[in-house]
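Turn these sequences into a full structure, and let the hints guide you.
There are 2 protein chains.
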Amino acid sequence: MNKLKNKTEIHIGMVLFPHFTQLDLTAPFEVFARISQAQIYFLSPDLQPVHTDKGFAMLPNCTFENCPDLDILFVGGGWGTGKIMEDARYIDFLKAQGQNASYVTSVCTGALVLAAAGLLDGYRATTHWLSLDLLRLFDVEVEEKRVVIDRNRMTGGGVTAGIDFGLVLVAEIFGEALAKEIQLMIEYNPQPPFQSGSPTNASPELLAKIKMETKEIQEKRKVQITRILNR
Amino acid sequence: MNKLKNKTEIHIGMVLFPHFTQLDLTAPFEVFARISQAQIYFLSPDLQPVHTDKGFAMLPNCTFENCPDLDILFVGGGWGTGKIMEDARYIDFLKAQGQNASYVTSVCTGALVLAAAGLLDGYRATTHWLSLDLLRLFDVEVEEKRVVIDRNRMTGGGVTAGIDFGLVLVAEIFGEALAKEIQLMIEYNPQPPFQSGSPTNASPELLAKIKMETKEIQEKRKVQITRILNR
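Top line first, the protein sequences correspond to chains A and B. Taking our numbering, I'd label the letters of the first sequence as residues 1 to 231. Taking our numbering, I'd label the letters of the second sequence as residues 1 to 231.
Since the hints were derived computationally from the structure, they do not count as laboratory data. A portion of the hints provided could be inaccurate.
No copy labels: a pair is met if it fits in one copy or bridges any two.
[Unchecked claim] Derived DSS-like pairs: lysine-lysine, alpha-carbon spacing no greater than 30 Å straight-line:
1. K54 / K95
2. K211 / K7
3. K211 / K5
4. K209 / K5
5. K209 / K54
6. K7 / K209
7. K95 / K3
8. K7 / K95
9. K3 / K209
10. K3 / K220
11. K7 / K222
12. K215 / K5
13. K220 / K145
14. K222 / K83
15. K5 / K95
16. K3 / K54
This is the structure we're talking about:
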């Protein structure tokens with residue numbers, strides 16, 4: 001049985017940063033918040049509102065400095081990951097908490113941030129399909145899966161993978177019964193109107209369009225990661 | 001072709017209220033925010049932070065009073081719906097905007113609020129599986145489907161149905177190409193770890209447990225709706 005299961009309070013820390021993709025965080029949050037023992041911290045260097053990549057702001061409820069020891073450390077993704085990968089405030093916080101957390105986790109390009117903090121070295125992990133090659137630049141065994149568990153690292157694919165990720169994490173810690181109950185309460189019985197949610201089923205034309213449109217930013221990110229790795 | 005498609009600015013209004021279920025709103029928001037013409041308003045009677053049913057607060061960016069004419073009116077669900085179904089500030093706002101909006105929409109128990117405002121009278125609609133019987137109390141033809149479109153009313157099932165709902169709405173207005181592109185960017189290729197997201201596939205024991213636990217609040221809601229209908 002998982003040792004977290006019997007704790008009366010489980011500290012889950014979700015890191016906020018400018019221009020993060022809100023659903024990367026709000027989807028697993030909806031799952032985590034239904035764990036009765038969960039104390040969820042929205043973390044940031046200070047308590048100012050943090051603007052997501054689509055404008056709307058979220059309010060941190062705890063600073064990095066005041067954060068208690070976390071049982072579960074979580075980082076979501078978004079274009080803003082580029083900046084925090086080289087921001088010592090974030091990287092130092094992740095390194096410190098990542099050492100002792102029972103689970104070190106991410107959804108989407110949050111995995112790049114964990115990797116930049118050295119927290120995925122030698123682990124199997126996944127990320128948003130567009131960034132799999134970027135994650136491969138690190139010492140990470142990249143898997144093209146929706147959710148990857150390797151020892152106490154748990155990483156999810158892009159954005160909406162956060163729902164599957166959240167349910168898998170709940171099942172891992174608390175058992176299937178709670179995960180199934182949460183799944184039923186959030187009516188997670190998905191019926192995507194199209195088959196276009198993955199590079200394996202999207203049209204080649206659409207894939208080519210998105211790759212072209214994101215080429216510049218992905219190239220820039222590649223240069224950045226190479227710079228980080230060469231330090 | 002849908003008349004909204006060629007507007008240079010599309011006003012989408014998402015109603016915030018105390019104790020709403022954040023994912024009901026943040027899931028379709030993630031889809032809507034990827035429509036380049038979208039101007040999204042988080043609406044409330046005032047600009048104070050609005051606390052969701054799991055604690056964290058969202059900031060409105062527009063008051064009901066200052067809200068422009070909406071093209072798409074959206075209401076999510078949550079336990080807080082009980083209160084706003086009888087709050088004239090909300091009901092009057094919904095009635096006024098619902099008259100002229102191109103689309104009147106909801107996810108989860110947001111449908112109960114639309115119904116309380118008379119906006120679903122004579123329409124087919126859906127809601128969270130636990131509240132289908134409550135929606136049936138109104139003059140609504142209830143369908144047990146993930147997303148229901150009837151003329152300009154579009155309603156989704158519980159919580160995570162907001163993703164399917166958002167993609168269906170984008171396809172309806174802008175065509176399948178944009179919906180498929182958004183689906184690929186949010187990697188919506190769901191892989192629920194369990195078959196437990198609907199009363200049709202959850203275990204009878206789990207269903208019985210949840211029905212028992214929610215019986216009191218659902219009974220209270222039934223009394224409330226009967227009172228609203230008898231006014």
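Original post:
Looking at the structure, which of the earlier hints fail to hold?
Top reply: Result: hints 10 and 11 break, sorted rising.
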